[in-house]
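Starting from the structure of chain A, add chain B where the hints point.
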Amino acid sequence: MAAGWSDPPLGRWVPKGLADQPLYVFETGGSTGLPKSRINIRDFQTDYELFSETLSCDSFPRGSDWLMLGPTGPRRLRLAIEHLAQHRGGVAFHVDLDPRWVNKLIGRGEHHEMALYKEHVIDQALKILRAHDSVRCLFTTPKLLEALCEKVSLGKLGIEGIFCGGTEMNAQFHRFAREELVPGIEFIPTYGNTLMGLACSKPFDPAANDYTITYYPPAPRAVFELVDPENTERRVDYGETGRVMLTTLTPEFFMPRFLERDEGERAEPIELYPWDGVSNLRLLSQLSTSVVVGVY
Amino acid sequence: MAGGGAVALGADGVATIPLVRGGESYHSLTTVELPDLRRQGHKTSSPVARVSQANPGLVARDLARSGAARQALEALSVAELIAICKRAGELFLNDDLPLGGARQSVDDYLRQLSATTGMPRAMARANMGKVHYVLDQMATVLGGLTRGLDLSLLDRGYGEQGGRAISYRRQSDLLGAVLPSNSPGVHSLWLPAIALKVGLAIKPGRQEPWTPYRLAQALLAAGCPRAAIGFYPTSHAGAAEILQRCGRSLLFGDAKTVGSWAGDERVQLHGPGWSKVVLDEEAAAEWPVYLDLLAASVADNGGRSCINASGVWTARNSRALATGLAERLAAIEARALDDPQAALAAMASREAAQALSDYIDARLGGGAVDLSAEARVARGGNASRVAEADGCAFLLPTVIHCESPDHPLAQAEFLFPFVSVVEVAGSELARRIGASLVVTALTRDPELRADLIASPFVERLNLGPIPTSHVTWDQPHEGNLFSHLYRQRALQDVPFGAVA
Chain A
25 MAAGWSDPPL GRWVPKGLAD QPLYVFETGG STGLPKSRIN IRDFQTDYEL
75 FSETLSCDSF PRGSDWLMLG PTGPRRLRLA IEHLAQHRGG VAFHVDLDPR
125 WVNKLIGRGE HHEMALYKEH VIDQALKILR AHDSVRCLFT TPKLLEALCE
175 KVSLGKLGIE GIFCGGTEMN AQFHRFAREE LVPGIEFIPT YGNTLMGLAC
225 SKPFDPAAND YTITYYPPAP RAVFELVDPE NTERRVDYGE TGRVMLTTLT
275 PEFFMPRFLE RDEGERAEPI ELYPWDGVSN LRLLSQLSTS VVVGVY
Chain B
7 MAGGGAVALG ADGVATIPLV RGGESYHSLT TVELPDLRRQ GHKTSSPVAR
57 VSQANPGLVA RDLARSGAAR QALEALSVAE LIAICKRAGE LFLNDDLPLG
107 GARQSVDDYL RQLSATTGMP RAMARANMGK VHYVLDQMAT VLGGLTRGLD
157 LSLLDRGYGE QGGRAISYRR QSDLLGAVLP SNSPGVHSLW LPAIALKVGL
207 AIKPGRQEPW TPYRLAQALL AAGCPRAAIG FYPTSHAGAA EILQRCGRSL
257 LFGDAKTVGS WAGDERVQLH GPGWSKVVLD EEAAAEWPVY LDLLAASVAD
307 NGGRSCINAS GVWTARNSRA LATGLAERLA AIEARALDDP QAALAAMASR
357 EAAQALSDYI DARLGGGAVD LSAEARVARG GNASRVAEAD GCAFLLPTVI
407 HCESPDHPLA QAEFLFPFVS VVEVAGSELA RRIGASLVVT ALTRDPELRA
457 DLIASPFVER LNLGPIPTSH VTWDQPHEGN LFSHLYRQRA LQDVPFGAVA
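Protein chains in written order, with our numbering: chain A, 25 to 320; chain B, 7 to 506.
Chain B extracted, bound-state conformation:
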């Protein structure tokens, strides 16, 4: 590609993140600076990174040549690609990898990621482990996505399984991935594309180019065909080019962003999760037993994931449960990003934290009360939901008791440990919960279980005491990437001379 000369760390020591076009670095003349969230208000502080921005036409131009990715990936077997993923996982977890013209160590990566996204370093490290697991155990992950398909079948395009002829056709040369900044764990969702012989056109979240870029470099260093890797930090218009031009894409965003692509079968939508824990009469009677599970569901990973519960829907005892959960979560405090005990991620700014807090306060009343402020005060803390540490602003865990499932806060979701506890009659639970990425159902009631199993609203269903945030990798997650990328079709192949 033209003009791809390496530019190392700027003279000022700021990291430089280029585009990746067909596996090669390209330094755009348009860059965006990523500030260190801990140095806000310090006008003189230098940014953590300058991120090259792709003009939309550049993205469009590259995507028009997706045939190169297809040819390069078709030349390798799924088994070989799985081996590349495994090597890439090792490199991602342990090695220095290219970053612009410089090298990035694991410590650099964690420090940079933490500084621009506000995620505590220890949490970033845990997410790194999740992402590594998916690369390392790609065969298991693909087994889960394909429900045990003999993967060599994808090399040949067809074959036999269980005595039946079976064939899959790839739906796209490239997978577009328009990604969020909330948590690096999310990148485990698109990684299987390479092993499934589909190239990547990645648009990272604005604050979190770090993980996808490092993954791209790890894949390239592990022998992934260069033509299969595209990395394009870009504008909304550039993202639209990816979604319009890739035969298949993943789109992460808020309800409005994903809404405008609803109904386009090429785009798998990942909007708010609205994940929930549901308790029937029996479970609600013994709610203290489930406090650990509830707290983990709400607050794991800083409450930043779509699989974090934003609702607890219970057939009874809602007020007592909400009070108990508020007391439990009040133990979580704002801490410095490099504190190993840190359990909250920093918000983008003091103003953003305050605005979100005000937004919540403005919706209280009408049967909705915040029980966390009182719980914090009871522990000798401050009533304020906004807290500061390490130069960053945080929102403290917030438990709202909602008398009605129709209250606006009953179906709210925010980027911090926020949960509404709602009381709904047991017979109504399955009907009322609404769209939910994950539902953990604490019930032995056969009727409720059957209703939830049949529910079109529930994407992932945990029957029994499993936190919503607990993911098993041998099962599809948030839509099935394999069925998004491949379509089953009929194929008959008989030898010549056997004409009927």
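So that you can see chain A by itself, here it is in the shape it has in the complex:
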């Protein structure tokens, strides 16, 4: 729920049938202003269990362990990845990163501090990867993946599958990752957020050589529409650019017609995900001068 609605106790927003369940509250990134908070009971676990079904057991072997290298803190992500690992029979090792601090360093032009902080984060990840052969699966962000690959070959360290998130991931990064950073390792781009859950990407077809990333929402728990930014009543045509408008409905949470900070092209349904998706997801062009994303 949006900041400013939070004056009444959060429990007020919990459906009566779930009132006795432990309640989590997670924050969104806060790149467009005040972070928004969302209450959560079991949704994040369900979302990641459903996502788990889309992961291949060859690249993300059941029973193997995970390294979660990315922002933890008040976000859903840490618990979600941990649950994913547990759900698949492993454990998740964690390295924390504070993107809001990185944002401040960028704002102040502290390049040297940023380099030191990145090194600090990567050093911790390398220690875990070298100490635990059982780690086969990795969650991280594009920037941290680059930084990690500069130091080691992830293939040689036994990584078989990478699940990578962040809206700054575009077709060029996808191609760069597959061709140069982690050739031979399964690379799964995802788009997740606290309000929606986790969107899956259209599987990469090496024969088609098309690196466009197209995401499909976890219907029916969440759907998105691509709408005209000037007239959000109008849904754009397939292939046309629109702003992402999200509706989430689960047993614990209802958020209708939430305008995301992202835009992209409306994509046609595919066999695996027979509903609308979004291609080339990116920061809304009207915001792109004022918001820093993908700093970590």
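The hints are simulated quantities; they were obtained by calculation from the structure and are not laboratory data. If you're wondering where the values come from, they're calculated on a predicted model, not measured in any experiment. In this text, a Cβ means the ideal position worked out from N, Cα and C, and glycines have one as well. One or more of the hints may lead you astray.
Stated by the list, open to error - The following label-pair restraints were derived from C-beta to C-beta distances:
(1) B:Arg-162 with A:Glu-174: 48 to 58 Å
(2) A:Arg-259 with B:Gly-372: 54 to 64 Å
(3) A:Pro-280 with B:Gly-440: 57 to 67 Å
(4) A:Asp-229 with B:His-242: 48 to 58 Å
(5) A:Arg-281 with B:Asp-345: 30 to 40 Å
(6) A:Leu-296 with B:Gly-265: 26 to 36 Å
(7) A:Gly-133 with B:Asp-364: 49 to 59 Å
(8) B:Gly-107 with A:Ser-177: 54 to 64 Å
(9) A:Gly-133 with B:Arg-45: 53 to 63 Å
(10) B:Ala-358 with A:Gly-87: 58 to 68 Å
(11) A:Glu-137 with B:Ser-489: 26 to 36 Å
(12) B:Gly-372 with A:Glu-174: 50 to 60 Å
(13) A:Lys-175 with B:Glu-434: 50 to 60 Å
(14) B:Ser-52 with A:Gly-87: 34 to 44 Å
Below, chain B without anything else, positioned relative to chain A:
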């Protein structure tokens, strides 16, 4: 490199500018379109170019392998590299060169450069000549940078000069160059790197990929080792990768951009020039004699260079001088970009021109007046500083009279012929001028000359009537690239058996 298949001109005839990775083309899936400044507001007009953009990680990955550039350049002598530069200069000036998968003629180059940067074609041509000169006369340029060092010494690493043992060590395999879009002449600054056996990682200015790309292609065609050439149009984050990872870099930008790298000895900063002409009492008394020099200093090259004067600091007669200079500069009009008489470069957009003009107006008063509007009207022109021609917006030359050197406009610098005329007592001049890339000192006063010679604020000093915009290539320019790239060290080499 992976995925470097040639993509020629798009079906729509738009030029395609790829990255250059180790001398090879790489077409990124992320591109930026460069519009034709003359077709603004025409939503349907096609861009002049689509420029491949490097993701920061790609830049980082390439720079981590700088050893290849070093090995390739070490295999050649400085003399051979000078010869390559000379051939490259010829090719740059006269030949069709690769542009993406197509070929670019000299006319294509000038037309494209003009369309996306707003620089008049004739001025672009003149800058092309400057850049060619540096490649053609590389031995002279290196002589100026090294103050006459026997360059074969760099091949061996040490030797003897003037009876003394002498040795230089290279500080970096690569020179990073984060470049501006204001004027192609600026590229003459990084070109000597290749002859000094240092590879290049170039981030072009957003509107001006044309010249560095053409230079890269000319060098490659002339036999420069492929591993020595990297060309990476990229974001701020990508630029930061270059600056963080190259042992030595040049960074061009506004005061804020360069400020965040101040104190990093790896990065040579090229911020605003704040170049000035200084007149003592005697020179100020005969100011009309210097009008040509002043006008050239302010307005040469469209006033776009950091070596253009943005200040005239005079011991007296400031108002008369400012009025006279305003009248002289009022003759400069907005003209079409392909007009051979064009002397102004177009601004990025009508809105940008208006915003900058408003910014200046908002700071007038408090002892600062614009004398150019009146001068334009007196010539039958328009009072407005913003003018239009050829579908582009221009800012007309602007002379401000400032009563005090503390006025904010007294130390302002903009990308068009803009100058503040400031009156400061002769005894105060050297102390008050502040950081200045070029100072032309019109004075015979031994004391003022000595003060300026000793001044830590003055990067280049012209003693006598030389326009600030006049560059001699046998002298270092804007910091010395040689001393940036090389460090002198002690080295002793005695034959075995001669143990003391």
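So, against the hints stated earlier in the document, which numbers end up violated here?
Of the numbered hints given earlier, those the structure breaks are 1, 4, 5, 6, 7, 8, 9, 14, listed in rising order.
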